[in-house]
Amino acid sequence: MPSLISWLDANTAETNRMREIVKLFELPGSVDDLALGQFRDVISNSLFPGTSVLHVAAKYLILIPWCYQAGSLASTGEEQRAKGEHTERRLIRNLQRIGARQFIGSDIGDRISTLPSAAYWTALRRWGIVGDGVDRTNVGEEMLHEASAHESGIPTQRVWTATLPLVPDGFPASNDRGMELTRDEALWIQDRILATVPDTLLAHIVSKPRLVQKKSSSPWADPGCQEAQGEASVWLQHAQAYSALQWGLDSTYAHLLAVEASRKFAAEPASATNDDGYAPLDEWVEDDENRLLLRRWNLEDFLRRAHQTNPRIPPSSIAFLSSAVKELSSSVHPATNTTLHQMVKHREQQAKRSNSRFVNMRRLREWRAPESFGRQTFRWAQVRTMVNDIAEGLKNA
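Residues 12 to 408, numbered by the working numbering, are exactly what the sequence shown covers, in order.
There may be inaccurate statements among the hints.
[Unchecked claim] Dumping the calculated BS3-like pairs for lysine-lysine here, alpha-carbon to alpha-carbon at most 27 angstroms:
no. : residue 1 : residue 2
1   : Lys363    : Lys337
2   : Lys226    : Lys406
3   : Lys356    : Lys337
4   : Lys275    : Lys356
5   : Lys219    : Lys406
6   : Lys275    : Lys363
Quick caveat, the hints were computed from the structure, so don't treat them as lab data.
Taking the hints into account, I'd like the entire structure generated from these sequences.
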């Protein structure tokens with residue numbers, strides 16, 4: 012899959028979004044069969060702005076700027092950018108040498124095609140670590156322009172924030188702490204997030220990182236998040252309700268496909284429905300909290316917020332979401348709810364057209380019914396890791 016987007020400019024915001032989409036296909040419960048990803052992204056970006064499913068460690072918020080600042084400036088912008096990327100590859104080799112954990116390139120080393128800066132640039136900009144108008148394509152030129160302006164005494168916008176910790180001598184070879192943060196580094200990252208995305212759930216948990224559990228399954232199940240108030244609390248409630256909705260829709264969709272496969276091919280695909288029903292859908296129904304969440308959900312408020320955040324969400328998606336909440340929160344079992352079935356089939360066919368599994372027999376034959384579904388948690392695994400990194404750093408000398 013990554014090779015299919017290799018032609019794109021690796022430094023654009025759109026390409027970074029494409030890399031996230033590719034990564035999402037590797038995560039349980041994140042395949043967007045019903046084309047509702049815009050709602051997922053609205054919630055993710057409102058809860059945890061600047062974050063990405065590509066993130067693996069908080070230390071990169073410091074290591075990447077250091078890679079571009081290390082050593083003397085080059086003679087051209089392109090050389091300066093290439094120099095920074097070369098240092099990123101040297102950093103990977105050094106992390107391998109010292110046996111560091113949890114870093115990009117740990118498997119294949121410096122031959123990796125997507126460098127850490129590609130994964131973290133949105134975060135660097137969102138949290139004010141690099142200038143808002145600075146992209147990976149022009150960072151070298153901007154750094155040379157800043158240096159020239161400084162020599163001439165001309166005021167200019169800084170490329171990297173002035174508060175960034177100083178690059179250690181001999182970096183990246185001198186980076187013997189791997190991905191571990193010092194206390195000062197953890198405090199600096201904490202300050203950046205609190206200053207740039209206040210009143211978000213991300214800011215709330217970064218302000219009290221010790222409360223975030225290392226293995227909590229979702230933000231609404233984590234003690235640190237449960238203490239949130241105001242806007243952060245409202246978005247957390249919307250996230251939990253939407254997660255219940257997505258789980259119910261995914262299970263219904265899989266149930267319908269399993270029935271269709273059995274009817275068309277006179278044999279059930281692996282893990283398909285049987286006389287006792289489809290286990291994941293039954294599990295959703297048996298969890299009383301799911302329907303309760305949907306019945307109590309302030310859907311009007313969520314849709315208003317979603318539209319304000321992303322006005323490009325199609326009216327058809329909003330209409331489907333509203334109808335899906337109504338049907339899944341009803342007393343009718345999703346396995347026998349014909350109105351829900353028609354909605355889901357129509358939605359999938361609209362989204363996939365000739366690739367719809369309800370009309371494309373080859374794709375239906377290749378499909379296998381999941382035995383379970385990962386629930387949507389809105390980048391929580393990555394956010395939890397980052398906040399835990401900060402919490403551990405604050406304990407260090």
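These are the hints, each one checked on the structure:
1. A threshold of 27 angstroms between alpha carbons decides the hint, and for Lys363 with Lys337 the separation of about 24 angstroms falls inside it, so the pair holds.
2. Restraint check for Lys226 and Lys406: satisfied, since their Cα atoms lie roughly 19 angstroms apart, inside the 27 angstroms limit.
3. Simply put, Lys356 and Lys337 have alpha-carbon atoms about 17 angstroms apart, close enough for the 27 angstroms limit, and the pair holds.
4. For the given pair, Lys275 sits about 16 angstroms from Lys356 by alpha-carbon distance, which is consistent with the 27 angstroms threshold.
5. This hinted pair checks out: Lys219 and Lys406 have alpha carbons roughly 13 angstroms apart, not beyond 27 angstroms.
6. Only pairs whose Cα atoms come within 27 angstroms are accepted, and Lys275 paired with Lys363 is accepted, the gap being roughly 20 angstroms.
Against the hints set out earlier in the document, no violation occurs for any number.
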